[in-house]
Structure formats: structure tokens, C-alpha cells
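From first to last, the protein sequence lines are chains A and B. According to this note's numbering, the first sequence holds residues 1 to 441 in order. According to this note's numbering, the second sequence holds residues 1 to 441 in order.
No distinction is drawn between identical chains; accordingly, a pair holds when it is met within one copy or between any pair of copies.
Think about it this way: if two alpha-carbon atoms lie no more than 35 Å apart in a straight line, the pair counts; the simulated DSBU-like pairs of lysine-lysine are:
(1) K295 / K77
(2) K207 / K235
(3) K136 / K235
(4) K136 / K241
(5) K136 / K240
Note that these hints are calculated values from the structure, not bench results. Bear in mind that the values here come from a model prediction, so they are computed numbers and not experimental data.
2 protein chains.
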Amino acid sequence: MLEVSRNTVVNAYERLFAEGFIETRIGDGTYVAQLHALSKPMQPGESFGIEPQLHLGFRLPAASLFNQHRIHEGAPKAFRIGMPAIDLFPFDDWARLQSRFWRREPVDHMGYGHPAGEPQLRELIAQYLRHARGLKCDPSQIVITLGAQQAIMICSALLLHPEDEVVIENPCYWAAAGAFSCLGVKMNGIAVDNDGLQTSQLQRIPKARLAYVSPSCQYPTGATLSMARRLELLKWAEEKKSWIIEDDYDGEYRYSGTPLTPLAAIDQSNRVLYIGSFSKVMYPGLRLGYLVAPKQLVDQFLLMRTMSTRQPPMNDQMAMALFLSEGHFQKHSRRMRRAALLRRDALLQAWNQHLSHIGEMQQVSSGLHVTIRLANFVTEQRLIAQALSEGIEITPLSASWLPGSSEAQTGRYGLVLGFACVKVPDILRAVETLKYAWAQR
Amino acid sequence: MLEVSRNTVVNAYERLFAEGFIETRIGDGTYVAQLHALSKPMQPGESFGIEPQLHLGFRLPAASLFNQHRIHEGAPKAFRIGMPAIDLFPFDDWARLQSRFWRREPVDHMGYGHPAGEPQLRELIAQYLRHARGLKCDPSQIVITLGAQQAIMICSALLLHPEDEVVIENPCYWAAAGAFSCLGVKMNGIAVDNDGLQTSQLQRIPKARLAYVSPSCQYPTGATLSMARRLELLKWAEEKKSWIIEDDYDGEYRYSGTPLTPLAAIDQSNRVLYIGSFSKVMYPGLRLGYLVAPKQLVDQFLLMRTMSTRQPPMNDQMAMALFLSEGHFQKHSRRMRRAALLRRDALLQAWNQHLSHIGEMQQVSSGLHVTIRLANFVTEQRLIAQALSEGIEITPLSASWLPGSSEAQTGRYGLVLGFACVKVPDILRAVETLKYAWAQR
Chain A
1 MLEVSRNTVV NAYERLFAEG FIETRIGDGT YVAQLHALSK PMQPGESFGI
51 EPQLHLGFRL PAASLFNQHR IHEGAPKAFR IGMPAIDLFP FDDWARLQSR
101 FWRREPVDHM GYGHPAGEPQ LRELIAQYLR HARGLKCDPS QIVITLGAQQ
151 AIMICSALLL HPEDEVVIEN PCYWAAAGAF SCLGVKMNGI AVDNDGLQTS
201 QLQRIPKARL AYVSPSCQYP TGATLSMARR LELLKWAEEK KSWIIEDDYD
251 GEYRYSGTPL TPLAAIDQSN RVLYIGSFSK VMYPGLRLGY LVAPKQLVDQ
301 FLLMRTMSTR QPPMNDQMAM ALFLSEGHFQ KHSRRMRRAA LLRRDALLQA
351 WNQHLSHIGE MQQVSSGLHV TIRLANFVTE QRLIAQALSE GIEITPLSAS
401 WLPGSSEAQT GRYGLVLGFA CVKVPDILRA VETLKYAWAQ R
Chain B
1 MLEVSRNTVV NAYERLFAEG FIETRIGDGT YVAQLHALSK PMQPGESFGI
51 EPQLHLGFRL PAASLFNQHR IHEGAPKAFR IGMPAIDLFP FDDWARLQSR
101 FWRREPVDHM GYGHPAGEPQ LRELIAQYLR HARGLKCDPS QIVITLGAQQ
151 AIMICSALLL HPEDEVVIEN PCYWAAAGAF SCLGVKMNGI AVDNDGLQTS
201 QLQRIPKARL AYVSPSCQYP TGATLSMARR LELLKWAEEK KSWIIEDDYD
251 GEYRYSGTPL TPLAAIDQSN RVLYIGSFSK VMYPGLRLGY LVAPKQLVDQ
301 FLLMRTMSTR QPPMNDQMAM ALFLSEGHFQ KHSRRMRRAA LLRRDALLQA
351 WNQHLSHIGE MQQVSSGLHV TIRLANFVTE QRLIAQALSE GIEITPLSAS
401 WLPGSSEAQT GRYGLVLGFA CVKVPDILRA VETLKYAWAQ R
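So that you can see chain A by itself, here it is in the shape it has in the complex:
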């Protein structure tokens, strides 16, 4: 009757039945099911019942969030922050490792693995930390994370309750403040000077249960936490039974002497959660970092990690393990440091030759960025806008302050420049461009 094949009809009935649009009554026949009418599309402006608390994350100045996202995408440009010399990435070695690994048909690694990450990689990271950082830890303490950010979030979510208070460097790393603000905890900013966090001010904040610090290279000031203050901070954590998150996101980039001993290496009372990352030696999009957890917290971390992402992706972990075990990493990380040093010097020299009137550039002894202080907000925003209109990315220092910071009204404005991610000629060209862009008002 319908001039379609029997199969078509059978399939149609099967689908209708599966979807529940028809019902069959044994020995009787097939009937259209009684269904609720579909609800009408909703009206624009109708409320969705989202609570204001959802917006906790927005406690952080939306500007800084937005700004961070905008300037980080696409190919590297002068003077992007947080980007290493990825033009030196060993693409061929990496491609070879990946395809070799896959041609071995690694079925043992393709299922649900250990929530802390691939055992081989955790072994290698423990070795690396022992040799490169003097940080002795057991592989069982290492949790592979999605970059430093997941480590910060897991630590905070596990150790803090919404009513808790934390200590954070001010100015601070925007994404750490973002993680805390998502959890709704109270952030207490403590000023940073040339010796890092002013530990003497810890007494101001008796209720603090956790302190977030970046001792080897504070973001964005670049200050190194002095040994005296490292010990003061540890003493504080021990006495208050508080926790310390030590974010060592770019500790490999030290240009004079060897990297400093991490807090975690001198901590005697298991209060320090050490966070490292491969983002700055490999590439940020790798999203591979690690957390060294105090032994007494490991189980809780694994539970939290399991429930938030189960385990880290396997492929990059295995490639990273091969990259480490075959000695590529050590070689590459030396190469990256040399390149960053070269590019730092090129910027320093060109800047002070052509742009010293904006502000004298100081030599930084670690990290991938340098900061120029400015007198006021208007100047900061104008210079950054003019630079951006020429395709040059500069990050405003003003975006790094906690909302409502009273201290450091002076020196809260400035330019943060990443010097590592483009070649020397591009750095010189960018300085040249800025010279003209900033000449016209």
C-alpha cells in the first residue's frame, strides 16, 4: 500500500517501539502510546534558576580573566607571558616517540589506569625532583595532574571549606586566585618585596589554613623567597597546622646558580604541597603537571582525583615518560634555559636602549617574564592598547592585584612582558615597533 519494502515497515515499527511511541498488546495489536504533550519552547527572559553563588568565580576581576584568555591563543607573539621557546620543541623526536609507542599496540595502558597517573612517569618525576631539586619523595606521593592548575584546584577543594581563609601573594597569579574564589574561601593578600612574601605579616591572619606561594619565581614580580622567609613560612605552617601550596611552575628557569631548594625539600612536618609543571619546558598545551602530596594526604587526593577526572590521559604521559627516560628532557630543558637567557638579555638591552623613558628594565634572575612599574592606570592601559593595536601582547600588572587590595597603591600599575616565546630578531622588531607606537599620543 505504501509501496515500500517490508523491511522498511518492520524497521519503522521497531524504531517507534524502541522510542516508546507505540505499544504492543500481546494477542491484540499495536497501538499509539499515550504520551505527555511536548512542552512548548521556553520564553526569552524566563529565569533558569541560576543562583548568584554560581558567579563566585567572578569575584576575581573579570577583566583579568578575560585578558588572560584573549592574549594566550594562537601562535606565539612578543611579549606573551607564560610561554617558553616552543619554536625549539623537538618535533621529530616527539613524533617518533608517539608513533613508536602506538605501533607497539599498548593495550595494557589503554584502559582505566591508576588515578595518580602512569607509574613509570611518577617514578621518573621522583628521580628528576631528587636530582634537579634536591626534593626527596616517594613515587607514591606523586599525583600527575592536568598542569599546575588542576593541582591547585584539587589541593584547595580537598583542604579548604567555604568559610576558610587563605593567604595569597599580592600581586598574585590570577588563576590561583580564581581557583580559590571558585571555592568561595576568603583570600588575604600579603605584599611581596625583593625577598618575596612578607612573612612577618602572617600574624595578621590568624585564621588562615593555607598559604599559596611561588618561592622560586613569584608571579608577577619575579621575586625569590629568601631562605630566612622560607623557614619562617614553614615555622608558621607547623605551628598553625596550616598548609603551604608551593607552586614551582617555572623553577627550571634560573639564570644564576642552580635552582633554589624548594620549601618541600626542607619541610620537616609534611605541611607543604609541592606543585610542578611541564608546561614551561615542553609546551603549555601539554597540560601535564604534578603534585607531590604529603604522605598522609595521598589517599584523599586519589579519591578526589578519581571523582573529578578519574585519571590523566594516558598518551601524553607515556610519551613524556619516554622523553624523560631516554634523556631528551634534560637536554631539552638546558636548551630552553639557554634560549630564554639569550632572549631575556636581548630584550633587556634593546628596551633600555630605546624605551628606558617608559621605565628602566631590571635584570631578572629567573622565570620567563619581566615587569616594568608605571605611575598610574591610565598610562598602563594606554601603552598596552597601543601595543596591542600593533599586535604586541603586554599584560597589565594592575590585573594581578586582589580585589580591594589596600597596600601597595604605589607600584600597582605596570607592564608584564614575557621574553621567552619569540626569537631575538622578533624581540628587537617588537621593541622597535613599540618605540614608534608609544611615541605618538
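We have chain A; now place chain B onto it with these hints.
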């Protein structure tokens, strides 16, 4: 005097100075810095100030968590759950895609990218959902996640407050219950029958702000949510202004007719958060899933995602995008479904021939696992222990119930068997083994 070279001494001083162990006074000399004494190692048994609330995750029977972790590691074995036929993974294609991608030196993708994930992949997923699921969505609604688990956690963390209540299928997927319990929300279990979640019981829970369901193949019962109940559930969410998390973790595995229309495709009022995953067609260790967020929630999701992991790892996303765009995925997913069907039938036939006295095995029309009900806990645990001693992994149904479930005292015990991850001969051998293992008491 020390019989070491001048450089050695200079380096030693430099290091001591950098570490802050010595201080230099201009025009005066170098002095040992005054430092706090290092604190002594802490005593065993000393408290670390961990609150009981840290153990929220343990509200879920620790047994089921532990059990899940143990049996999921290493090479596939009969009858592991949640594992597809990874022996059919196209290793060479995958290896070729990876190395081709890397040899192109993809510097544009190696930095900090979009927090929602790689735009190309999100485009392709939107297309896939339109064709394979009849789910029309804009790529801007798609957030790439670390498997379904991160999607579940982000949704819950964003939409729920600790005092909130949720509805969850009972028996349930342990890791979803785990995510909710980590957040401390009250879980209300609703029983599942052959038509899926008993939506009539939703009225029992007036305060529920969210319902977590797996409509196309409920875990662990394998039930499909009928169309009548899909509409009831949507009506409930619309009236109560509640949310629905639709976990479509293995919707590709439908053995009769085409996959059912997801809730998200018939939702008229933007209350459904649709979760999909590549774990079951590719491999679980890939940790690549996606969330289709209602338009009005996208911004909050991106903020939450940024603060919890910034962005998903780039490498696997790009490989997956190539795998999809070059048509490998569609081919592979058909192949995986055929294999799973073949293995399902082999198990069904062998089981009912040799082990029907344990319990008759029913034919499942979707998913990767089948459930055999048992009379009591003792039998369940004995059979599973005997199987495990022969190296055969079987998951206890009893581990899938919410703590303190009153309903369904009958049929709460049983065996959950995954049939997809080993070849037919291995399935037959395993059934053979069980036959003898279970014969002796």
C-alpha cells in the same frame, strides 16, 4: 688554602647567597645570615588537622571504589566492565595521525588555548551529534572534558550547593555517586525497572535540584528509559526548574535499531546537560569526553573549567579531530559495535549452555555489559572471589547501590559482566573456567 679553584669558591658563595645562608654588607664583608633553627621532624601519630569532612567521598561504600580501581588496571581481561574491544583499535592509523600532526610543527596549538577545547574538535562533535543522535547544538555549547567524569563533576560543582538534593538512579554508576558525595549533596536514589528510572517517584523528592540519568543504557541494569518517562522527566525539570544530567556514555552501542533520541534533543527548555564520551569507542585511557551545555550556562562552565584545569590537553584533541574529519571514527565505531554484538552473543550462548544454573542470562539490546541477579550477598561474593582466583574479573552488583537503600532488597545482588573487551575464544575459555571454578564449593 682549601686547594680548590677560585671558581669553585665563587660558585659556593653565589649558591650560599642565593639560598640566603649568607648576607653581604657593602664595604664590609660577607656574614653568615641569622636564620631560624630548622624544625625537628614530626612525631608519628601527630595530628595533621584534617577535618572529617575531607572524607565526604567515603560516604560511598569504600568497597565499591576500591573494587572499581583494582579490576580496571592492565591488559583487558574477561569480564571487565567499561572496556570496549580495544584489540581492534587502529593502531597504525592513530600512530600515523599523531606523527603527521607533530611533524607539521603545530606551534599555533601548543600554547594556552580556548578553555572549552580545540574549536575544530568541537565543530566535529557538533556535526557528529547532529547526524548520529539527532541532537542539534551549536559548537559554542560544547565543552571538551576529561572523559564523562570531569563533565559530571563540573556540572555538579557548578549547579549544586552542599545543602542541595539530587536524584540518582539506584543502582547507580559508582563514580557519579562519588562525584556527588565529594560535594556533600544529599543523594536520593530512585529505583530502576525495565523502562528505566521510575519517574513517578520524582514527586517524593520535592527539593531535588538535579537528576542524574543514563537513559540510553542505564548502568548497571542496562535498562533504556522509555519515551513516556523521558517526557515525564523533562516535564519535571521544567516545572521544578531543576537540571538533568544525561550521561550517554555508551550510546553508540545499540544492537537493535538506531540509537534512541537523547533527552537533550527533545528538551525544549534548556534544562538538560548532555554528556558524551569517546572512552567506549576509542579507549578509556584517552580521557576525552564532552559536555553539551545549555546556552545560558556556557560562560559559567568555561570559568569553572579554566579554574579547574584551564583547558584539555591539546595532542589527543587534535588527533581525535583528524580521526573524525578523515572518516576513521565512523568506520571504527561500526566495527566496534559489530564486535561487541558478536561477543555479547558468544557469552550469552555459552553462559546459558554451561552456567544457567547460576542464573539465566538475558539478551541486552545496548551497552557493553550484562547483569545476572543472585539471591544473596554471600553467593555473590563467593562466585566473584572464585572467579577472581582464576583471573576472571566480575563486578558485584551489590557495590552499585546507594548506602542505606531501602528499596529493592530483592535483586540487589548479582554479577555484572563486561562482554566486549576480549575476543570470542577468550570468552568461551573464561566461561569454561568458571564452570569448573564454581562447581567446587
